Amino acid sequence: MKNYILTLGLILPTVLFGQIDRSIRPEAAPAPTINIKNSEVFTTANGITVILSENHRLPRVSFNLSMGATPRVEGDKAGLSGVAGSLIMSGTANHSKDELDNAIDYMGASLRASSTNVSMSCLTKHMDKGLDLMSDVVMNANFPQSEVDRIISQNEDNLLATKSQEAEMSGNARAVANFPSTHPYGEVMTQATLENIDRASIVQYFKETFTPNGSYLVVVGDITLEQAKAAVEKNFSSWSGGEVYKAELESANNIKGNRVVFVNKAGADQSVISITYPLDITPSHEDYLKLKVLDGILGGGVFGNRLMQNLREDKGYTYGCRSRARVDNYGSSFSAGGNFRNDVTDSAIVEILLELERITEGLVEDEELSMTKSSMAGSFARSLERPSTVARFALNIIRNELPKDYYQTYLKQLEAVTKEDILMVAQKYMTGSNCNIVVVGNEEVIDRITKFDSDGKIEKLDAFGNEASEKMEADITADQLLEKYSTAMAMGATGKDLKKKLKKMKSHVTVIEMKIPQAPGPALATTVWTSKGAEGSKMEMMGMTMQSSYFDGKQGGSGGQGGAKIMTEEEIVEKKKSYGLIPEMNYAESGMDYELTGIEMYDGKPCYVLKLKEAKKVTFEYFDKETSLKTASVIMAETDQGTQEVTYTYADYKEYGGFLFPDTMNLFVSGMQLPGKVKSRKINEKVDLNDFK
Amino acid sequence: MKNLIITGLLASISFAGLSQREIEYVEYDLDNGIHVILHEETSTPIVAVSVLYHVGSKNEKDERTGFAHFFEHLLFEGSENIERGEYSELVEKNGGTLNANTSWDRTFYYEILPSNQLELGLWLESERLLHAKVDNTGIETQRSVVKEEKRQRDTPYSSFIEEMFSRMYPDHPYRWMPIGSMEHLDAAEEKDYVDFYRTFYVPANATLTIAGDIDIEETKKWINKYFNSIPKGQALNLYRDLETLEEEAFVEIYGMSKERFDANDFSNPDGKLAGALLNKLSNSPIRIPRPTEPQVKLSEVKTAVVHDNIQLPALFMGYQTPSQTHEDMYALQMMNDVLAGGASSRINKSLVEQKQMAVQAFAFAFGLEQAGVALFGAIGSAGQELDAIQSEFDLQIKMIQDELISQEEFEKVRNQYENDFVSSNATIAGIAENLADNHVYNGGAEKINTELAKYLDVTREDIQRVAKKYLTQDARIVLHYLPMEEGAEESENGQN
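Line order of the protein sequences matches chains A and B. Residue numbers for the first sequence, in my numbering: 1 to 693. Residue numbers for the second sequence, in my numbering: 694 to 1189.
In short, the hints are calculated from the structure, not lab data. Predicted, not measured: the structure shown is a model, and the values here were computed from it. Ideal Cβ positions, reconstructed from N, Cα and C, are used throughout, including at glycine. Mixed in with the good hints, there may be bad ones.
Here are a few chain A residues that sit away from chain B, every Cβ distance over 10 Å (derived from the structure) [stated by the list, open to error]:
| id | residue |
| --- | --- |
| 1 | D346 |
| 2 | G362 |
| 3 | E365 |
| 4 | E385 |
| 5 | S537 |
| 6 | K682 |
Below, simulated DSBU-like cross-link-like pairs (lysine-lysine); rule was C-alpha separation at most 30 Å, straight line [what the hints assert, rightly or not]:
| id | chain 1 | residue 1 | chain 2 | residue 2 |
| --- | --- | --- | --- | --- |
| 7 | A | K565 | B | K843 |
| 8 | B | K914 | A | K129 |
| 9 | B | K1048 | A | K515 |
| 10 | B | K840 | A | K315 |
| 11 | A | K484 | A | K617 |
| 12 | B | K1042 | A | K616 |
| 13 | B | K1048 | A | K125 |
| 14 | A | K97 | B | K843 |
| 15 | B | K843 | A | K315 |
| 16 | A | K605 | A | K679 |
| 17 | B | K1042 | A | K515 |
| 18 | A | K97 | B | K1042 |
| 19 | B | K1048 | A | K677 |
| 20 | B | K884 | B | K840 |
| 21 | A | K506 | A | K654 |
| 22 | A | K163 | A | K617 |
| 23 | B | K1147 | A | K129 |
| 24 | B | K914 | B | K973 |
| 25 | B | K1140 | A | K679 |
| 26 | A | K484 | A | K163 |
| 27 | B | K840 | A | K616 |
| 28 | A | K125 | B | K914 |
Whenever a hint applies, use it, and build me the whole structure from the sequences.
In structure tokens form, the structure reads like this:
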């Protein structure tokens, strides 16, 4: 080492760079001025307001057409606009859906539609073709019956899936808690309203809503005013329609005192809490921006906000707790909350209410205010990079009646917001004592949340925001129910008669055909039972066994695509708890843990609910109070990926060998619906359990 | 400082009828070897600050895989002047966002900030390069983060790329994935991580690209301040040792006291000897190891069965193709898209829509720095025989080799490339990334302005030619993905 240092001593050091103290953090330069170009606005003879935002940076152009109608109250057709919106791109009088898709694909363009909007974007050179397709959709969408059927059945699946999706359930409860059913925001689509939606109503919705009068066409990109005028003239001048629908909407609900709204989610291990109430404010109100900053400090900002800090960082109650002020022209609301473990449901509500009150009680810190403002200014600046932002601003100025320079001066207004402003809007809009406290969760948390209700009476809603039928005490015992059920299955036979009937039943083989979404063919589910205690089941698709299982009374296993497995001791113990053609008959002596929890409504019918507890699953079985037959089983199984919920529904009971069995068995799992019909039930056929190994 | 300035305009060529605007930029090298590219775009008051390090998983040792990606996480831990966890906080509370990504060939970091925070962005990135925290505390934290990421990435079928690459390039580090091995990360010691940092996170391996609302001259001054002050060559090691070593250990290595050096005025050490040492080390470059190109030419069909936690079977086929800079890559990528890119591609139409043999079919053309893979895949319908899917693929491949594609398909794929190309330069972050990529991997930043023309120069005959040349039915990898069987776990790998 020393050697080469010596030889190097001859070379003179050269100055590489000067002094720098790296611990000094750079200060921000003066805030940049935001130059938002004024948009050109013109109207057409047929009533379209065209807003043009020229931007020649890239050779792209987009056209975004929004309807001007006030949202309608849909009543017994709630959900109509959504269904219609997803059907607008299903083809026109001139082009099938496939042709539309292909033509758009060919240009590398995009063409999309929603219930009040059609938008197209493409390279400038494809504009003529793109607009040709867009205007065709706007004027000639023809809603083929086959597509209507497909989308309606998709919505049916979604509705059924709602019952297992806490976030959806919470959204529905929030809607009805904040708005009356005579306000569009207080409406929730249900199976009943979906049934009232047909092609005729969809066509009528489209005709009434998609009219040039009062509509807005936002044109953005590489196009001049002259070119835009010519393009609009060529493609949209022949578009005609009725007057635009304008209406005064009902006021939001007036919340007095705290009101607890509970939605039961059987077996849930966490509560979805949303503390929410309507806000009396529109985007054009002078308090709007101040309220947004307040929301950022409280729980809307990226990090370090009060709710996150308190409920996540300090208390560890949750992964995320946020707030959001939703402000628009038709109905605004505030909500704060997140997902919380059952046992901290009440503590979490206490803390959120506390934060809602605390912010009204004193000035916020300088640090939290400046951080929130910087973060909002940055995201505002970044959003400007998208040409569509500028156009959205132009549209907002017109629709929300904002000052013309609202966005030009946005950063200045933001900078001008003071701690005193925040306190003022907090005292005006924030409350911890006139709130809807919406909790979607397990019944066992009810005791923890009742105390928050001002009058001590909590409201219970179902998954769709309808009043949940009160759970009633059962008028019979669990064993009486099981007896009623087996009698009903045996068509009235009891005691010796029933035993005689059962003796005649040597075997029972059922084949069910199940439709699987997106799969090319149906699946066949076969189940067998023999009086000797053997059971087997398998699922086949296109001739291949996907899954199978068997039990010979002593041992069993499973096979198929999942690989062969032998039942564990524990599984055998569990399996032995439900044996027999009608396993329920044997629960009393088989060691099954069962309990009759009461009477609940299921699919509009009062049902006895029997809760079964097994090692790794809890099952809720619903028995029609009138017929005593089983209508559904909801299974909550523990898996490596957490709790998995599977629902079976049973209908169309028919007689086979002196017993009633369902001909329809539908399966719901992971938001998917698998409708099943019985293809055959065979009695006393020879059964080979090897088919199921 | 010798600044070599090339403006994009000088080398410009105009393309009639192309939807492309010239992207102007300035580029030069700092003395310490950092390559700088600046693009001024004033329409929005924001700026993207990015640094591309020419290090990816292919630079890793085979018993220390996953390092490049691990650093993508570790280097957010802070620096001598930035507290742990403060890096992203500083960006967020100043109105910005940040992210990073790692591939086989590169690690890319960027911030998007309001333009008045450009200096903050430069300081942050220079801190990361000069003296990031590489210590056991950060390593422990990030190990668990990376393990969680690995768990999330282990989705059904996701192993197919590694299964493919490991058979395609068995003699090259491309055989493992950037996420690497968790065992390797666990086994590695602090010294391994420090060595990696000192080898690859050096000025000569970095490309600093800034795009957005900037003043070029002012930006250059700040770059000079924060980046040109980063010591050159092995002098950087001395700087880092000055900050991290105890006096005794420092003397052991350098034969003189730490007191002769001042981190805040590093270029003016105390005394001739120290000056000479600094000069010597500055002029001794740090050697950056790079693997040689794969030598093994695939010469046969290799078929393997992989059992995975899946319900539906899947078929994957791969062919060796040249590296991303090869002229044929343009035609190859377009060929791939004609066959299986998008809903209206040939294979999607036949396999998914008409014959319903597959629920999904797709293609990727991987162009990496030292090799490429043309990859086709299909997830079969339930119960579907994979041989039938393979026959259908083969039929489609034979067709594209035997006949020119139709004019309409040709136009469609050209349109899609044009649209994708324009979109990729729609944001300043996109432009910064494209400029840096083109500089490091594609023979020059100027490719950002000429690449689309290369795609549009491709003829239908070229597509047929590359299909014949590269889709070699007698030399390819074929993977059959099947649902797990009992005992499959033990025999899952290595079947041929």
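Hint by hint, here is what the structure shows:
Residue-level check passed: D346 of chain A sits 31 Å from the nearest beta carbon of chain B, beyond 10 Å. Once the 10 Å rule is applied to beta carbons, G362 of chain A is consistent with being away from chain B; the minimum gap is 22 Å. For E365 of chain A, the condition that its CB be more than 10 Å from all CB atoms of chain B holds, with the nearest at approximately 13 Å. A Cβ of chain B approaches the Cβ of E385 of chain A within 10 Å, the least distance being about 5 Å, so the stated non-interface status is violated.
At the 10 Å boundary, the C-beta of S537 of chain A stays outside the reach of chain B, the nearest C-beta of that chain being 17 Å off. For K682 of chain A, the requirement that its beta carbon stay farther than 10 Å from each beta carbon of chain B is met, with the minimum near 24 Å. For the suggested pair K565 of chain A and K843 of chain B, the alpha carbons sit about 28 Å apart, so the restraint of at most 30 Å is met. Restraint check for K914 of chain B and K129 of chain A: the C-alpha separation of about 49 Å exceeds 30 Å, so the hint is violated.
Using a Cα cut-off of 30 Å, the hinted pair K1048 of chain B and K515 of chain A holds, with the two alpha carbons roughly 19 Å apart. A threshold of 30 Å between alpha carbons decides the hint, and for K840 of chain B with K315 of chain A the separation of about 26 Å falls inside it, so the pair holds. For a cut-off of 30 Å, the pair hint linking K484 of chain A to K617 of chain A stands: about 25 Å separates their Cα positions. The suggested pairing of K1042 of chain B with K616 of chain A is violated, with an alpha-carbon distance near 44 Å, which exceeds 30 Å.
Among the hinted pairs, K1048 of chain B with K125 of chain A is inconsistent with the structure: their alpha-carbon atoms are about 36 Å apart, more than 30 Å. Between the alpha carbons of K97 of chain A and K843 of chain B the distance comes to roughly 41 Å, so the proposed pair goes past 30 Å and is violated. In summary, the hint linking K843 of chain B to K315 of chain A is supported, as the alpha carbons are separated by about 29 Å, within the 30 Å threshold. This hinted pair checks out: K605 of chain A and K679 of chain A have alpha carbons roughly 27 Å apart, not beyond 30 Å.
Between K1042 of chain B and K515 of chain A the alpha-carbon distance is near 23 Å, which keeps this suggested pair within the 30 Å criterion. With a C-alpha separation of about 15 Å, the suggested pair K97 of chain A and K1042 of chain B falls inside the 30 Å cut-off, and the hint holds. Restraint check: the Cα-Cα separation between K1048 of chain B and K677 of chain A comes to about 26 Å, which is no more than 30 Å; the hinted pair holds. Of the supplied pair hints, the one linking K884 of chain B and K840 of chain B holds, its CA atoms being roughly 21 Å apart against a limit of 30 Å.
Restraint check: the Cα-Cα separation between K506 of chain A and K654 of chain A comes to about 19 Å, which is no more than 30 Å; the hinted pair holds. For the given pair, K163 of chain A sits about 19 Å from K617 of chain A by alpha-carbon distance, which is consistent with the 30 Å threshold. This hinted pair checks out: K1147 of chain B and K129 of chain A have alpha carbons roughly 26 Å apart, not beyond 30 Å. For the hint pairing K914 of chain B with K973 of chain B, the CA-to-CA distance comes to about 27 Å; that is within 30 Å, so the pair holds.
Of the pairs offered as hints, the one joining K1140 of chain B and K679 of chain A is violated, with about 64 Å between alpha carbons and a cut-off of 30 Å exceeded. A distance of roughly 28 Å separates the Cα atoms of K484 of chain A and K163 of chain A; the hinted pair therefore holds under the 30 Å criterion. Under the criterion of a C-alpha separation no larger than 30 Å, the hint pairing K840 of chain B with K616 of chain A is consistent with the structure, at around 28 Å. For the hint linking K125 of chain A to K914 of chain B, the alpha-carbon distance of about 41 Å lies beyond 30 Å, and the restraint is violated.
Hints 4, 8, 12, 13, 14, 25, 28 from the earlier list are contradicted by this structure; the remaining hints agree with it.
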